[in-house]
Amino acid sequence: MTDAVGGGGTAEDPVIEIRDLHKSFGPHSILRGVDLTIPRGEVTVIIGRSGEGKSVLLKHIIGLLHPDRGEVLVDGVSMTHAGPRGRRALLRRFGMLFQNGALFDSMTVFDNVAFPVRESGRGAPRGDALRQLVRDKLALVGLSGVEDKTPAELSGGQRKRVALARAVALEPEIILYDEPTTGLDPVRTHAVDEMILETAKTLNVTSVVITHDMQAVFEIADHVAMLFDGKVLLRVSPEELREHPSDVVQSFIHGRPLADASAGQLT
Amino acid sequence: MIDGLLLPFRWLGATILGFLNGLGGMTSLAWRAGLAAFAPPWRLRLMIRQMDFVGVGSFVIIAITGFFTGAVFTLQSNLAFRLFGAEGLTGATVALSLTRELSPVLTGLMVTGRVGSAMAAEIGTMRVTEQIDALEVMAVNPVQYLVTPRLLAAATMLPLLTMTYTAVGMVGSWLVGVKYLGIDQSTFWSRVFSYVDPDDIWNGLIKAACFGVILSVVGCYLGFQTRGGAEGVGRATTRAVVIASVSILISDYFITSLLEYGLLAK
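Chains as they are written, first to last, in this note's numbering: chain A, -18 to 248; chain B, 123 to 388.
Take these hints with a grain of salt, some might be off.
Stated by the list, open to error - Here are some chain B residues pointing at chain A (derived, C-beta under 8 Å):
| no. | residue |
| --- | --- |
| 1 | Thr251 |
| 2 | Ala256 |
| 3 | Val262 |
| 4 | Pro264 |
| 5 | Ser369 |
Unchecked claim - List of simulated lysine to any residue pairs, SDA-like, C-alpha gap at most 25 Å:
| no. | chain 1 | residue 1 | chain 2 | residue 2 |
| --- | --- | --- | --- | --- |
| 6 | A | Lys130 | A | Glu154 |
| 7 | A | Lys130 | B | Arg171 |
| 8 | A | Lys130 | B | Val250 |
| 9 | B | Lys301 | B | Arg171 |
| 10 | A | Lys130 | B | Phe206 |
| 11 | A | Lys130 | B | Lys301 |
| 12 | A | Lys182 | A | Gln196 |
| 13 | A | Lys130 | B | Asp174 |
| 14 | A | Lys130 | B | Gly304 |
If you are wondering where the hints come from, they were derived from the structure by calculation, not from laboratory data.
All C-beta atoms, glycine included, are put in the ideal place defined by N, C-alpha and C.
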């Protein structure tokens, strides 16, 4: 694990700033004023109960959803108010690993990993260079010889790996992980966590990970943010989280039901 | 009490709003997909794949249904014409009905069943498995990538399939009329050629292209709107077939009246 910087007062270099984000779907208000900064080059893990809006938050960061209020800044540039061209430029800097991989099932593994490269426009590598690039990316996630298979022929863990290879194909600066270990057995879960750390280190990227898995939090996080009641309840280091006095935090870490449901305050 | 009385109005309002909302969404999707056809990147390979799926893939069922439509229509109209000794007109009647009405409409319905449903299912699956989000994240316009090729393929292939339908239908008609019912061969064909205008053929083909636009836009739109996993995909598929079929039959009336009677004529 990289040395954890305290979430609070240390001077940091934010790459993503989320400001006062609000989002409702019909009568359900999901995000109610999320403020969060994501420091450059480190792993930030976002935790929270199911339905708390973690995926919704992630989709706002990458501009798949538009907030009712507030905005997301990437190095000071608004993702929320970017025009098509500006958005395209911002998206270049991102890679995203979707919950179940979201591989294109009409394509082979090779075409999936090559897809973002081919779509990146003129000057993109072709032919042998592209083949080598795909092989390298697959090697990075520990796969080889699967290029001609279709996603349906892969196991769940392999699919996640291919999806990660696709996410890093254009060497993004920021990678978002939407529940990367959900549905995997403990051994694979550990392997995926390792893979996230490895990717963060070798490619020197900023990582934002959403997870339910507390094990992962203590294994990979530099910072932990907890969503509760549509807001960021706290942002601390994993060590601080473990020792945190709040009932909400302790009940979440230890998987105990919260005694008093209204206890949203930090006490 | 008051709530109970308001219920039918609420239902009516919701239905009308839902209808207008869907119509607006589809129109906007068709517009965006059409515009995207004129902007790079050109997705030629995707379009050819769709043309193959829509056109080549539907060829056999279109030929079979066309053949039997021509054959049975010949049997029926021959019965009627025999009453006043005008069997010679059978071929021309069948040819006119096919070119103007039956071929485009039945081709539209057959292709809706085969292709419109597949479009809704495929795009719907991509929606619920986040593949469409993945496209967007990779800075690819999903409308241009998924809808434009399907729209163009359907709009170009439907007229070709309609021609096939008519041609094979006339073979069926000839076999039944001339070979089986004994209508004189030269009368059969001379009547066909003297009664069928190029305009009749054109009108049928224009209709077919419109039906291609309708079935692809409805299929793609419902695919994009899909929510709720496998069940949602199933629902989207069924609705795509129902809505596209009904829209084809309704729009058929209006396109015909527009083509035959002009915009304002009575």
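Does Gly304 of chain B sit within 25 Å of Lys130 of chain A, going by the straight-line distance between their CA atoms? With Cα atoms ~59 Å apart, Lys130 of chain A and Gly304 of chain B exceed 25 Å; violated.
Given the proposed pairing of Lys130 of chain A with Val250 of chain B, does the C-alpha separation stay at or below 25 Å? Holds. Lys130 of chain A to Val250 of chain B sits at ~22 Å (cutoff 25 Å).
Tell me if the straight-line CA distance from Lys130 of chain A to Phe206 of chain B falls inside 25 Å. Since the Cα atoms of Lys130 of chain A and Phe206 of chain B sit roughly 67 Å apart, the hinted pair is violated (cutoff 25 Å).
Need the status of pair Lys301 of chain B, Arg171 of chain B: alpha-carbon distance at most 25 Å? Given that 25 Å is the threshold and the Cα spacing comes to 40 Å, the pair is violated.
Tell me if the interface restraint on Val262 of chain B is satisfied: Cβ within less than 8 Å of some Cβ in chain A. With a minimum Cβ separation of about 5 Å from chain A (threshold 8 Å), the hint on Val262 of chain B holds.
Under 8 Å, Cβ to Cβ, is where Thr251 of chain B needs to be relative to chain A, so tell me if that hint holds or is violated. Check passed: Cβ of Thr251 of chain B comes within 6 Å of chain A, closer than 8 Å.
Holds or violated: are the alpha carbons of Lys130 of chain A and Lys301 of chain B at most 25 Å from each other? Answer violated: Lys130 of chain A to Lys301 of chain B is near 54 Å, above 25 Å.
Given the proposed pairing of Lys182 of chain A with Gln196 of chain A, does the C-alpha separation stay at or below 25 Å? Satisfied, since the Cα-Cα distance of roughly 19 Å is no more than 25 Å.
Hint check: is the beta carbon of Pro264 of chain B less than 8 Å from a beta carbon of chain A? violated (11 Å)
For the pair supplied as a hint, Lys130 of chain A and Asp174 of chain B, is the alpha-carbon distance within the 25 Å limit? holds (23 Å)
Check the hint pairing Lys130 of chain A with Glu154 of chain A against an upper bound of 25 Å on the C-alpha distance. Violated - the C-alpha atoms of Glu154 of chain A and Lys130 of chain A are around 29 Å apart, more than 25 Å.
Interface hint for Ser369 of chain B, Cβ within 8 Å of any Cβ on chain A: Since chain A brings no Cβ nearer than about 27 Å to Ser369 of chain B, farther than 8 Å, the hint is violated.
Of the numbered hints stated above, those contradicted by the structure are hints 4, 5, 6, 9, 10, 11 and 14, listed in ascending order.
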